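A.B. asks: Listed here are the chains, written in short residue letters.
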Amino acid sequence: MMNMLQMPSRTQIAWIKAALFALCLLPALRLALGWHNDTLGANPIETITRASGDWTLRFLLITLCVTPLRRFTGLNWLLRLRRMLGLFAFAYGCAHLTTYVWLDQFFDWMAIAHDILKRPFITVGFAALVLMTPLALTSNAWSIRRLGGRKWQALHRSVYGIAILGVVHYWWLVKADVREPMLYAFALAWLLVLRAWWRELERRRQQAVPPPVPAYKGRVIRIVPTGK
Amino acid sequence: MLIQRPSDILPSEITPRARFEDRRRFLRDAGLLFAAGALGGALPSAEAATNAAPKLGPLTASPFSTSEEKTPYKAVTTYNNYYEFGTDKSDPAENAGRLATRPWTVRVEGFAGKPRTFDIDELLRLAPLEERIYRLRCVEGWSMVIPWVGFPLASLLKQVEPLGSAKYVEFVTLYDPKVMSRLPVLDWPYAEGLRLDEAMHPLTLLAMGLYGEVLPNQNGAPIRLVVPWKYGFKSAKSIVTIRLTDKQPATAWNKAAKHEYGFYSNVNPQVDHPRWSQATERRIGEFRKRPTLMFNGYAEQVASLYQGMDLRANF
Numbered sequence: 001m002m003n004m005l006q007m008p009s010r011t012q013i014a015w016i017k018a019a020l021f022a023l024c025l026l027p028a029l030r031l032a033l034g035w036h037n038d039t040l041g042a043n044p045i046e047t048i049t050r051a052s053g054d055w056t057l058r059f060l061l062i063t064l065c066v067t068p069l070r071r072f073t074g075l076n077w078l079l080r081l082r083r084m085l086g087l088f089a090f091a092y093g094c095a096h097l098t099t100y101v102w103l104d105q106f107f108d109w110m111a112i113a114h115d116i117l118k119r120p121f122i123t124v125g126f127a128a129l130v131l132m133t134p135l136a137l138t139s140n141a142w143s144i145r146r147l148g149g150r151k152w153q154a155l156h157r158s159v160y161g162i163a164i165l166g167v168v169h170y171w172w173l174v175k176a177d178v179r180e181p182m183l184y185a186f187a188l189a190w191l192l193v194l195r196a197w198w199r200e201l202e203r204r205r206q207q208a209v210p211p212p213v214p215a216y217k218g219r220v221i222r223i224v225p226t227g228k
Numbered sequence: 001m002l003i004q005r006p007s008d009i010l011p012s013e014i015t016p017r018a019r020f021e022d023r024r025r026f027l028r029d030a031g032l033l034f035a036a037g038a039l040g041g042a043l044p045s046a047e048a049a050t051n052a053a054p055k056l057g058p059l060t061a062s063p064f065s066t067s068e069e070k071t072p073y074k075a076v077t078t079y080n081n082y083y084e085f086g087t088d089k090s091d092p093a094e095n096a097g098r099l100a101t102r103p104w105t106v107r108v109e110g111f112a113g114k115p116r117t118f119d120i121d122e123l124l125r126l127a128p129l130e131e132r133i134y135r136l137r138c139v140e141g142w143s144m145v146i147p148w149v150g151f152p153l154a155s156l157l158k159q160v161e162p163l164g165s166a167k168y169v170e171f172v173t174l175y176d177p178k179v180m181s182r183l184p185v186l187d188w189p190y191a192e193g194l195r196l197d198e199a200m201h202p203l204t205l206l207a208m209g210l211y212g213e214v215l216p217n218q219n220g221a222p223i224r225l226v227v228p229w230k231y232g233f234k235s236a237k238s239i240v241t242i243r244l245t246d247k248q249p250a251t252a253w254n255k256a257a258k259h260e261y262g263f264y265s266n267v268n269p270q271v272d273h274p275r276w277s278q279a280t281e282r283r284i285g286e287f288r289k290r291p292t293l294m295f296n297g298y299a300e301q302v303a304s305l306y307q308g309m310d311l312r313a314n315f
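Here the protein sequences line up with chains A and B, keeping their order. Using our numbering, you'd call the opening residue of the first sequence number 1 and step up by one each time. Using our numbering, you'd call the opening residue of the second sequence number 1 and step up by one each time.
Mixed in with the good hints, there may be bad ones.
Said to hold, decoys possible - No more than 30 Å apart at the CA atoms, straight line, and that leaves these computed lysine-lysine pairs for DSS-like:
{"#": "1", "chain 1": "B", "residue 1": "K114", "chain 2": "B", "residue 2": "K74"}
{"#": "2", "chain 1": "B", "residue 1": "K258", "chain 2": "B", "residue 2": "K89"}
{"#": "3", "chain 1": "B", "residue 1": "K258", "chain 2": "B", "residue 2": "K167"}
{"#": "4", "chain 1": "A", "residue 1": "K118", "chain 2": "A", "residue 2": "K175"}
{"#": "5", "chain 1": "A", "residue 1": "K118", "chain 2": "B", "residue 2": "K247"}
{"#": "6", "chain 1": "B", "residue 1": "K258", "chain 2": "B", "residue 2": "K178"}
{"#": "7", "chain 1": "B", "residue 1": "K55", "chain 2": "A", "residue 2": "K175"}
{"#": "8", "chain 1": "B", "residue 1": "K114", "chain 2": "A", "residue 2": "K175"}
{"#": "9", "chain 1": "B", "residue 1": "K178", "chain 2": "B", "residue 2": "K89"}
{"#": "10", "chain 1": "B", "residue 1": "K255", "chain 2": "A", "residue 2": "K118"}
{"#": "11", "chain 1": "B", "residue 1": "K167", "chain 2": "B", "residue 2": "K89"}
{"#": "12", "chain 1": "B", "residue 1": "K247", "chain 2": "B", "residue 2": "K114"}
{"#": "13", "chain 1": "A", "residue 1": "K175", "chain 2": "B", "residue 2": "K158"}
{"#": "14", "chain 1": "B", "residue 1": "K89", "chain 2": "B", "residue 2": "K74"}
{"#": "15", "chain 1": "B", "residue 1": "K55", "chain 2": "B", "residue 2": "K167"}
{"#": "16", "chain 1": "B", "residue 1": "K55", "chain 2": "B", "residue 2": "K89"}
{"#": "17", "chain 1": "A", "residue 1": "K118", "chain 2": "B", "residue 2": "K158"}
{"#": "18", "chain 1": "A", "residue 1": "K17", "chain 2": "A", "residue 2": "K118"}
{"#": "19", "chain 1": "A", "residue 1": "K175", "chain 2": "B", "residue 2": "K178"}
{"#": "20", "chain 1": "B", "residue 1": "K74", "chain 2": "A", "residue 2": "K175"}
{"#": "21", "chain 1": "B", "residue 1": "K89", "chain 2": "B", "residue 2": "K247"}
{"#": "22", "chain 1": "B", "residue 1": "K55", "chain 2": "B", "residue 2": "K74"}
{"#": "23", "chain 1": "B", "residue 1": "K258", "chain 2": "A", "residue 2": "K118"}
{"#": "24", "chain 1": "B", "residue 1": "K114", "chain 2": "B", "residue 2": "K167"}
{"#": "25", "chain 1": "B", "residue 1": "K247", "chain 2": "B", "residue 2": "K258"}
{"#": "26", "chain 1": "B", "residue 1": "K247", "chain 2": "B", "residue 2": "K167"}
FYI, nobody ran anything at the bench for these hints, they're computed from the structure. Because the structure is a prediction, the values reported are computed rather than measured.
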């Protein structure tokens, strides 16, 4: 058991992933059932819009929790779940946009274009989803090989900016009660500050290591050509 | 005054709440059954029956009523904005039960010849109760059709004899931190205001009921304002003081965000809220959005109140 937690086998990872996948689908399933049974309240379209948006933001934050969790627990295999979590963030984001375009605006492209250009909260929300697209498209082993680890990582660091846009999107749409967006903002701030702190530690560590100085102590053996 | 589309619906012709709820329940249960079949398992049963509020009556029909399909009682009483009881739409229905609506008095004061305090039971007998089926348009972009019960605010104001110097009417609502939110979401107590001519307009209603019954707490019991051509937040709930003033009163949402919620807040599809469009609305229960009408469809009756005014500046 302990061993499994520390270092699960290939099969065990597969099972963990399958279970996580099912778990991540639950919010969507609940909405689908609620829609079908008419239990989403008086304004089901609003409920779906809100819930899909909430879950996009939550999955983004959960994805950003993987690295700290891995470092704090030493469970390195957690990293192997990150891609799925990130892709779920994107999937819920797409569902959110689809709800808006289809159920809310009913493909009124003029109104949608107007909204994206004129309403700052929609502008940043839309930008966040657009910026997530390349990350989703490169969330596969082939892309990592193709881009090279360094470039791939640089690209995927944009997730920090995307998460900020997501929180701003939520904050700007609220009428007066900002408690909930504030919770997300605090969670994100903590996750970002943690990373900044790690970076700073790493920088200090590198500075603390003295640069390799040429050693003159001890015997110096001169190698000189000798004439014969 | 020219009144468009006179309605001849009598209260007796309106589908009783219980009956249409039965229809709704049938439809929902049919859906549940289908889902249960599809899943091959049982699903939780429907919630317990609602406790019926006392009936109000006799009611007279009003020529101001619309013949549009009414929003179901359940939606009207579970999808509410009443921030003192929480900011989620479902919060007021869950929390407003704590509010005690008896005893209750309404003080009518200020620039009046005969200011005085009215008991709620006296108010219920002050003028003949009418049923007014009005459209309600929320600033958030949704709308309902609600059969209110009440009488024109003018009937009450006339009782206190407004002075010539009275230009505005301020409505102060209950704020009781013992039963309401202590969070400073808005500057409590919630206050609203109208120009005196708006307040005296025959469409402006003091409502004490809906669907022929006493107003549920979450809808602003025991007495609230209904101004159908303005965004919903203008229609203050659970009123305790009505004050005639000579200055434009400060209003709750205007104080919270003055570039977003103006004093007038007339429904106007041409003037957008800074953060969302007001051109269309979703009628609760409908799928597609519908265009929003100028003055929420009451232009015929109220447009003259604003003649010569720049409605973009006076939003």
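A.B. asks: Each hint should be assessed against the structure and marked as holding or not.
C.D. replies: Evaluation of the provided hints:
With a C-alpha separation of about 40 Å, the suggested pairing of K114(B) with K74(B) is violated against the 30 Å cut-off. Taken as a hint, the K258(B) and K89(B) pair is honoured in the structure, with Cα atoms around 23 Å apart against an allowance of 30 Å. Note on K258(B) and K167(B): the hinted pairing holds, with a Cα-Cα distance of about 21 Å set against a maximum of 30 Å. Distance hint between K118(A) and K175(A) is fulfilled; the C-alpha atoms sit about 17 Å from each other, no more than 30 Å.
Proximity of K118(A) to K247(B) is assessed by CA-CA distance (about 35 Å); at most 30 Å being required, the pair is judged violated. Taking the CA atoms of K258(B) and K178(B), the gap is near 29 Å; set against the 30 Å cutoff, the hint holds. For the hint linking K55(B) to K175(A), the alpha-carbon distance of about 35 Å lies beyond 30 Å, and the restraint is violated. The straight-line distance between the Cα atoms of K114(B) and K175(A) is roughly 39 Å, outside the 30 Å bound, and the hint therefore fails.
This hinted pair checks out: K178(B) and K89(B) have alpha carbons roughly 21 Å apart, not beyond 30 Å. Distance restraint check for K255(B) and K118(A): the Cα-Cα separation of roughly 24 Å lies within the 30 Å cut-off, and the hinted pair is therefore satisfied. For the hint pairing K167(B) with K89(B), the CA-to-CA distance comes to about 34 Å; that exceeds 30 Å, so the pair is violated. Annotation: proposed proximity of K247(B) to K114(B) holds, straight-line Cα distance about 20 Å (limit 30 Å).
Distance restraint check for K175(A) and K158(B): the Cα-Cα separation of roughly 36 Å exceeds the 30 Å cut-off, and the hinted pair is therefore not satisfied. Distance restraint check for K89(B) and K74(B): the Cα-Cα separation of roughly 13 Å lies within the 30 Å cut-off, and the hinted pair is therefore satisfied. With a CA separation close to 36 Å, the supplied pair K55(B) and K167(B) exceeds the 30 Å bound. Restraint check for K55(B) and K89(B): satisfied, since their Cα atoms lie roughly 25 Å apart, inside the 30 Å limit.
Pair hint K118(A) plus K158(B) does not hold up; C-alpha atoms about 46 Å apart against a cutoff of 30 Å. For a cut-off of 30 Å, the pair hint linking K17(A) to K118(A) is broken: about 41 Å separates their Cα positions. For a cut-off of 30 Å, the pair hint linking K175(A) to K178(B) stands: about 24 Å separates their Cα positions. In summary, the hint linking K74(B) to K175(A) is supported, as the alpha carbons are separated by about 25 Å, within the 30 Å threshold.
For the proposed pair K89(B) and K247(B), the alpha carbon gap of about 33 Å is over 30 Å, so the pair is violated. Proximity of K55(B) to K74(B) is assessed by CA-CA distance (about 17 Å); at most 30 Å being required, the pair is judged to hold. Taken as a hint, the K258(B) and K118(A) pair is honoured in the structure, with Cα atoms around 19 Å apart against an allowance of 30 Å. About 16 Å separates the Cα atoms of K114(B) and K167(B), which keeps this hinted pair within 30 Å; it holds.
As the CA atoms of K247(B) and K258(B) are separated by approximately 17 Å, the hinted pair is consistent with the 30 Å bound. Of the pairs offered as hints, the one joining K247(B) and K167(B) holds, with about 7 Å between alpha carbons and a cut-off of 30 Å not exceeded.
This entry does not satisfy hints 1, 5, 7, 8, 11, 13, 15, 17, 18 and 21, going by the numbered hints stated previously.
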